[in-house]
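All chains should be built: construct the whole structure from the sequences, respecting the hints.
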Amino acid sequence: NAGVTQTPKFRILKIGQSMTLQCTQDMNHNYMYWYRQDPGMGLKLIYYSVGAGITDKGEVPNGYNVSRSTTEDFPLRLELAAPSQTSVYFCASRGGGYGYTFGSGTRLTVV
Amino acid sequence: KQEVTQIPAALSVPEGENLVLNCSFTDSAIYNLQWFRQDPGKGLTSLLLIQSSQREQTSGRLNASLDKSSGRSTLYIAASQPGDSATYLCAGHTGANSKLTFGKGITLSVRP
Numbered sequence: 001n002a003g004v005t006q007t008p009k010f011r012i013l014k015i016g017q018s019m020t021l022q023c024t025q026d027m028n029h030n031y032m033y034w035y036r037q038d039p040g041m042g043l044k045l046i047y048y049s050v051g052a053g054i055t056d057k058g059e060v061p062n063g064y065n066v067s068r069s070t071t072e073d074f075p076l077r078l079e080l081a082a083p084s085q086t087s088v089y090f091c092a093s094r095g096g097g098y099g100y101t102f103g104s105g106t107r108l109t110v111v
Numbered sequence: 001k002q003e004v005t006q007i008p009a010a011l012s013v014p015e016g017e018n019l020v021l022n023c024s025f026t027d028s029a030i031y032n033l034q035w036f037r038q039d040p041g042k043g044l045t046s047l048l049l050i051q052s053s054q055r056e057q058t059s060g061r062l063n064a065s066l067d068k069s070s071g072r073s074t075l076y077i078a079a080s081q082p083g084d085s086a087t088y089l090c091a092g093h094t095g096a097n098s099k100l101t102f103g104k105g106i107t108l109s110v111r112p
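So the protein sequences, as listed, match chains A and B. Letter by letter, the first sequence follows residues 1 to 111 in this note's numbering. Letter by letter, the second sequence follows residues 1 to 112 in this note's numbering.
These are calculated hints, taken from the structure and not from any lab test. Since we're looking at a predicted model, the values are computed, not measured. Where is the CB? At the ideal position from N, CA and C, for every residue including glycine. Incorrect hints may have been included.
[Claimed, not checked] Below, computed lysine-lysine pairings styled on BS3-like, alpha-carbon distance capped at 30 Å:
id, chain 1, residue 1, chain 2, residue 2
1, A, K57, B, K99
2, B, K42, B, K1
3, B, K99, A, K9
4, A, K44, B, K68
5, A, K14, B, K104
6, B, K104, A, K57
7, A, K57, A, K9
8, A, K9, B, K104
9, A, K14, A, K57
10, B, K68, A, K9
11, B, K99, B, K1
12, A, K14, A, K44
13, A, K14, B, K42
14, B, K1, A, K44
15, A, K9, B, K42
16, B, K42, A, K57
17, A, K9, A, K44
18, A, K14, B, K1
[What the hints assert, rightly or not] Here are some chain B residues pointing at chain A (derived, C-beta under 8 Å):
id, residue
19, K42
20, G43
21, L44
22, S46
23, L89
24, F102
25, G105
Dropping the structure here:
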């Protein structure tokens with residue numbers, strides 16, 4: 001039972017580069033979320049999805065894009081990386097209840 | 001807009017002490033509240049979920065309470081152990097289809 005899998009675990013990007021953070025869950029959860037966590041701060045919601053083909057913005061969506069073509073996958077795309085996007089990114093999912101499963105995170109540094 | 005506050009940001013206690021972690025929220029129409037644990041460099045693990053119709057939940061040495069009228073939740077840890085050292089975050093849903101709003105967390109250190 002893998003739960004929520006995020007790849008890569010670490011990445012260093014140069015300013016202006018782009019990348020995709022991958023997130024896959026094997027629990028058939030409809031709801032999936034992307035959060036970012038900055039040092040000493042709580043988690044801020046970037047984007048979320050309530051099912052395949054449906055996505056919506058969270059609190060801090062600027063500079064990011066998402067897609068949800070399948071129930072299992074919810075990739076997060078960073079276009080034109082900026083130092084302000086240096087953070088730890090967490091993907092999470094939940095089913096019909098409110099029990100969340102989080103991935104182990106992707107630590108991104110933009111230099 | 002729901003705001004969740006956790007004070008203090010850090011706490012250090014000797015092993016064996018019973019302790020309470022506090023969480024306050026601004027919107028008393030909270031739908032449910034959860035407590036998570038985060039170990040350094042790791043993701044979040046759900047500890048306890050309290051629905052708005054409940055007043056508390058228990059799991060082992062952990063007990064979480066919810067008082068909607070006062071806008072407070074507490075996480076009680078009995079007989080603390082060094083393995084309890086982690087960051088504890090509380091988060092709430094304002095409605096059935098709303099998103100989680102997180103506090104900044106309390107970093108707990110339990111000294112042997």
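Hints, one by one, checked against the model:
Pair hint A/K57 plus B/K99 holds up; C-alpha atoms about 11 Å apart against a cutoff of 30 Å. Under the criterion of a C-alpha separation no larger than 30 Å, the hint pairing B/K42 with B/K1 is consistent with the structure, at around 28 Å. For the hint linking B/K99 to A/K9, the alpha-carbon distance of about 25 Å falls within 30 Å, and the restraint holds. Only pairs whose Cα atoms come within 30 Å are accepted, and A/K44 paired with B/K68 is accepted, the gap being roughly 23 Å.
With a C-alpha separation of about 29 Å, the suggested pairing of A/K14 with B/K104 holds against the 30 Å cut-off. Proposed proximity of B/K104 and A/K57 is supported: the alpha carbons are some 21 Å apart, at most 30 Å. Note on A/K57 and A/K9: the hinted pairing holds, with a Cα-Cα distance of about 24 Å set against a maximum of 30 Å. Only pairs whose Cα atoms come within 30 Å are accepted, and A/K9 paired with B/K104 is accepted, the gap being roughly 22 Å.
Between the alpha carbons of A/K14 and A/K57 the distance comes to roughly 25 Å, so the proposed pair stays at or under 30 Å and holds. Restraint check: the Cα-Cα separation between B/K68 and A/K9 comes to about 38 Å, which exceeds 30 Å; the hinted pair is violated. Simply put, B/K99 and B/K1 have alpha-carbon atoms about 11 Å apart, close enough for the 30 Å limit, and the pair holds. Between A/K14 and A/K44 the CA atoms are separated by roughly 23 Å; this keeps the pair inside 30 Å, and the hint holds.
Our distance criterion of 30 Å between C-alpha atoms is met by A/K14 and B/K42, whose separation comes to about 25 Å. Annotation: proposed proximity of B/K1 to A/K44 holds, straight-line Cα distance about 14 Å (limit 30 Å). Among the hinted pairs, A/K9 with B/K42 is consistent with the structure: their alpha-carbon atoms are about 10 Å apart, no more than 30 Å. In summary, the hint linking B/K42 to A/K57 is supported, as the alpha carbons are separated by about 25 Å, within the 30 Å threshold.
The suggested pairing of A/K9 with A/K44 holds, with an alpha-carbon distance near 19 Å, which does not exceed 30 Å. The suggested pairing of A/K14 with B/K1 is violated, with an alpha-carbon distance near 35 Å, which exceeds 30 Å. For B/K42, the suggested interface contact is upheld, since its CB lies about 6 Å from the closest CB of chain A, less than 8 Å. A least Cβ separation of about 4 Å between B/G43 and chain A falls short of the 8 Å threshold, and the interface hint therefore holds.
With 8 Å as the threshold, the beta carbon of B/L44 comes within range of chain A, its nearest partner Cβ sitting at about 4 Å, so the hint holds. With a cut of 8 Å, the hint placing B/S46 at the interface with chain A holds, because the nearest CB-to-CB distance is about 6 Å. The beta carbon of B/L89 is positioned within 8 Å of a beta carbon in chain A (closest approach about 6 Å), and the interface hint is therefore held. The interface hint given for B/F102 holds, since its Cβ lies 4 Å from the closest Cβ of chain A, which is under the 8 Å cut-off.
Given the 8 Å rule on beta carbons, the hint for B/G105 holds: about 6 Å separates it from the nearest Cβ of chain A.
Taken one by one, the earlier hints fail for this structure at numbers 10, 18, listed in ascending order.
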